[in-house]
Amino acid sequence: MNMLLLSWKNVVARPLSSALSILLIALGVGLISMIILLGSQIQEKFEQNMKGVDMVVGAKGSPLQLILSAVFQIDSPTGNIPISAVEQLTKNRLVANTIPLSYGDTFQGHRIVGTDSSYIGLFDAEVLHGRVWNTPMEVTLGAEVAERLDLDIGDQFLGAHGLQEGGEDHEEAAYSVVGILGRTNAVIDQLIVTDTESVWQVHHHEENQEGEREITALLVKFRSPMGLVTLPRKINQNTNLQAAVPAFEISRLVGLLGMGIDTVSVIGIIIIVMAGVSMFISLYSALNDRRYEMALMRCYGASAFKLVRLVINESLLVTIAGLMMGLVLSRLGVVIISAISESSYHYALDQLSIIPEELRLLAFTLLTGLVAAIIPAIQVYQVNISKNLSNS
Amino acid sequence: MLATANLRFQYNNSKTFNFQDLEIGDGEHLLLVGPSGIGKTTLLHLLGGLLKPLSGGIKIAETDITQLSTIQLDHFRGQHLGFVFQKSHFVNSLSVLENLLLIQSLASRKVDRTVAFDLLKKLDIADQASMKVMKLSQGQQQRASIAMALINRPAVVLADEPTSSLDDSNCTKVMQLLRDQCDINDSHLVVITHDQRVISGFEKVVSL
Chain A
1 MNMLLLSWKN
11 VVARPLSSAL
21 SILLIALGVG
31 LISMIILLGS
41 QIQEKFEQNM
51 KGVDMVVGAK
61 GSPLQLILSA
71 VFQIDSPTGN
81 IPISAVEQLT
91 KNRLVANTIP
101 LSYGDTFQGH
111 RIVGTDSSYI
121 GLFDAEVLHG
131 RVWNTPMEVT
141 LGAEVAERLD
151 LDIGDQFLGA
161 HGLQEGGEDH
171 EEAAYSVVGI
181 LGRTNAVIDQ
191 LIVTDTESVW
201 QVHHHEENQE
211 GEREITALLV
221 KFRSPMGLVT
231 LPRKINQNTN
241 LQAAVPAFEI
251 SRLVGLLGMG
261 IDTVSVIGII
271 IIVMAGVSMF
281 ISLYSALNDR
291 RYEMALMRCY
301 GASAFKLVRL
311 VINESLLVTI
321 AGLMMGLVLS
331 RLGVVIISAI
341 SESSYHYALD
351 QLSIIPEELR
361 LLAFTLLTGL
371 VAAIIPAIQV
381 YQVNISKNLS
391 NS
Chain B
1 MLATANLRFQ
11 YNNSKTFNFQ
21 DLEIGDGEHL
31 LLVGPSGIGK
41 TTLLHLLGGL
51 LKPLSGGIKI
61 AETDITQLST
71 IQLDHFRGQH
81 LGFVFQKSHF
91 VNSLSVLENL
101 LLIQSLASRK
111 VDRTVAFDLL
121 KKLDIADQAS
131 MKVMKLSQGQ
141 QQRASIAMAL
151 INRPAVVLAD
161 EPTSSLDDSN
171 CTKVMQLLRD
181 QCDINDSHLV
191 VITHDQRVIS
201 GFEKVVSL
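Read top to bottom, the protein sequences are chains A and B.
Its first residue numbered 1, the first sequence is counted upward by one per residue in this note's numbering.
Its first residue numbered 1, the second sequence is counted upward by one per residue in this note's numbering.
Rather than coming from a laboratory, the hints here were simulated on the basis of the structure.
A hint or two may mislead.
Unchecked claim - With a straight-line cut-off of 30 Å between C-alpha atoms, the simulated BS3-like cross-links for lysine-lysine are:
| id | chain 1 | residue 1 | chain 2 | residue 2 |
| --- | --- | --- | --- | --- |
| 1 | B | Lys121 | B | Lys132 |
| 2 | A | Lys60 | B | Lys173 |
| 3 | A | Lys387 | B | Lys173 |
| 4 | A | Lys306 | B | Lys135 |
| 5 | A | Lys9 | B | Lys173 |
| 6 | A | Lys387 | B | Lys59 |
| 7 | B | Lys15 | A | Lys9 |
To be verified - Derived, one-sided and incomplete: chain A residues facing chain B with beta-carbon distance under 10 Å:
| id | residue |
| --- | --- |
| 8 | Met3 |
| 9 | Val12 |
| 10 | Leu16 |
| 11 | Lys91 |
| 12 | Val95 |
| 13 | Leu122 |
| 14 | Tyr284 |
| 15 | Leu287 |
| 16 | Glu293 |
| 17 | Arg298 |
| 18 | Asn384 |
| 19 | Ile385 |
| 20 | Ser386 |
| 21 | Ser390 |
What the hints assert, rightly or not - Pulled a few chain B residues facing chain A out of the computed Cβ check, cut under 7 Å:
| id | residue |
| --- | --- |
| 22 | Leu51 |
| 23 | Ser69 |
| 24 | Asp74 |
| 25 | His89 |
| 26 | Ile103 |
| 27 | Leu106 |
| 28 | Leu123 |
| 29 | Val205 |
| 30 | Leu208 |
All C-beta atoms, glycine included, are put in the ideal place defined by N, C-alpha and C.
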């Protein structure tokens, strides 16, 4: 009968209070670890997709909406802008390069983005099969699109109007697949990429009164940080266009998210502390009945330290059981949320391994378990053998 | 085997107990009798190293246990002593057999199910081996606690009013069992009691 087994039997001998403590820990740990996992992945996704985009130019409207739609492809565009309006910007000496984006159509929920081949370069995406389009109506598929829709080179499909599924098909012009990109874990995995000209062909009506061609947004990379200081303000003040800086908008958004994350974390910590109190009460009240058995074990050769370890082990066993359950729960939560976000935003959040921030959570929880055992452990250490075993 | 000299004990500032010197030779069992309040349990706890005497010496198996540190005492008890208390105590989360295995491991003995089970068989509670101790009847509990006292073949078994909660027939049976098992193990039995029923059969009786 080793002492760890005895600890476990003692935990099981109080099924209700042990279960309560384990559940509380699992809930607290699960909440915090889920929020940590999601937060870190969302931030990671943002950073991955923002790489190489210093500024986005589009139609007037909400700057956050412009960024979300043009950079992350998760919101509706703010509108279209005439291509002539940005031609001058492209030639500005502070601008290193620009990428035009035209979007608004989808195929089975995946966005069709008209651009030029430098968009693929932005994500360092490699062409896995086939090639990049070179004439209008040819498309290259993101890795996730090819896999989910089971499309291959040579397949043809019709784009649907609008970003929601169930839009009217553009029956006059079919796209044909000429290439498939390798996985980048960035937004391009979810996109169907084609030439800007294709989008114009499909939407030949999409020219304004003067017959000018339009795009939805322009991604801009600056030559120097000076561009960031002067250009966005100049564009916003002097033109009908809107310039938004992803880094600003996203740090605002992450700030908002951070507040949510902090709130949930505080709730989680309170639950873990409550679990600690519950473990303390459980150990403490059980100890009243167990004074005799503690005295008995001392009679048969157990040192006071051994009994202290017994009590601490009981608390740690409950804590560890709760921790494991919490980690499983948080992964389950992430899988469910990922499934939801993938079906509505085509964003997969699938990081399930233990991340460094979680180690701090594990340490904190174990410490709580340890602290809960301190007073019961001291009591066990001081147990008066003679008094507890005498007849009175 | 067991000898005390000039043993004195005092609970916090109350009256001092002065105990007469005791001695048990090889193969002897000792019965200590006396009225309540005379310090019988105190003396037994002193012999078991559960209390520290004010002065005097207690020699068991060539060791003066009054000279041992707390941790050494814990270890010494595990190696050389067995206890039977008036009220049986167990580790309640364990079965009868598991309690015996626990005691083996606490004394750093080999954990041997066969030895433990054989002992339960001799004490006629083998059928209850896998039951939780709380489910046992009073008489069965008392026999289980005798098994615990004997499982490590201690040099001395200290029994504190082992029969007070038993009826006449059980009383005789339990005392017979205790004496027989101690004989088999070469253990010395020290019983304290005010129960007149157990006096017969002891070669050495000391009145306090």
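Consistency of the hints with the structure:
no., hint, in the structure
1, B:Lys121 <-> B:Lys132, "17 Å, holds"
2, A:Lys60 <-> B:Lys173, "100 Å, violated"
3, A:Lys387 <-> B:Lys173, "29 Å, holds"
4, A:Lys306 <-> B:Lys135, "28 Å, holds"
5, A:Lys9 <-> B:Lys173, "33 Å, violated"
6, A:Lys387 <-> B:Lys59, "23 Å, holds"
7, B:Lys15 <-> A:Lys9, "43 Å, violated"
8, Met3, "8 Å, holds"
9, Val12, "7 Å, holds"
10, Leu16, "14 Å, violated"
11, Lys91, "82 Å, violated"
12, Val95, "75 Å, violated"
13, Leu122, "64 Å, violated"
14, Tyr284, "17 Å, violated"
15, Leu287, "12 Å, violated"
16, Glu293, "5 Å, holds"
17, Arg298, "6 Å, holds"
18, Asn384, "9 Å, holds"
19, Ile385, "5 Å, holds"
20, Ser386, "4 Å, holds"
21, Ser390, "5 Å, holds"
22, Leu51, "5 Å, holds"
23, Ser69, "10 Å, violated"
24, Asp74, "5 Å, holds"
25, His89, "4 Å, holds"
26, Ile103, "5 Å, holds"
27, Leu106, "4 Å, holds"
28, Leu123, "17 Å, violated"
29, Val205, "21 Å, violated"
30, Leu208, "15 Å, violated"
Consistency with the previously given hints fails for numbers 2, 5, 7, 10, 11, 12, 13, 14, 15, 23, 28, 29, 30, ordered from lowest to highest.
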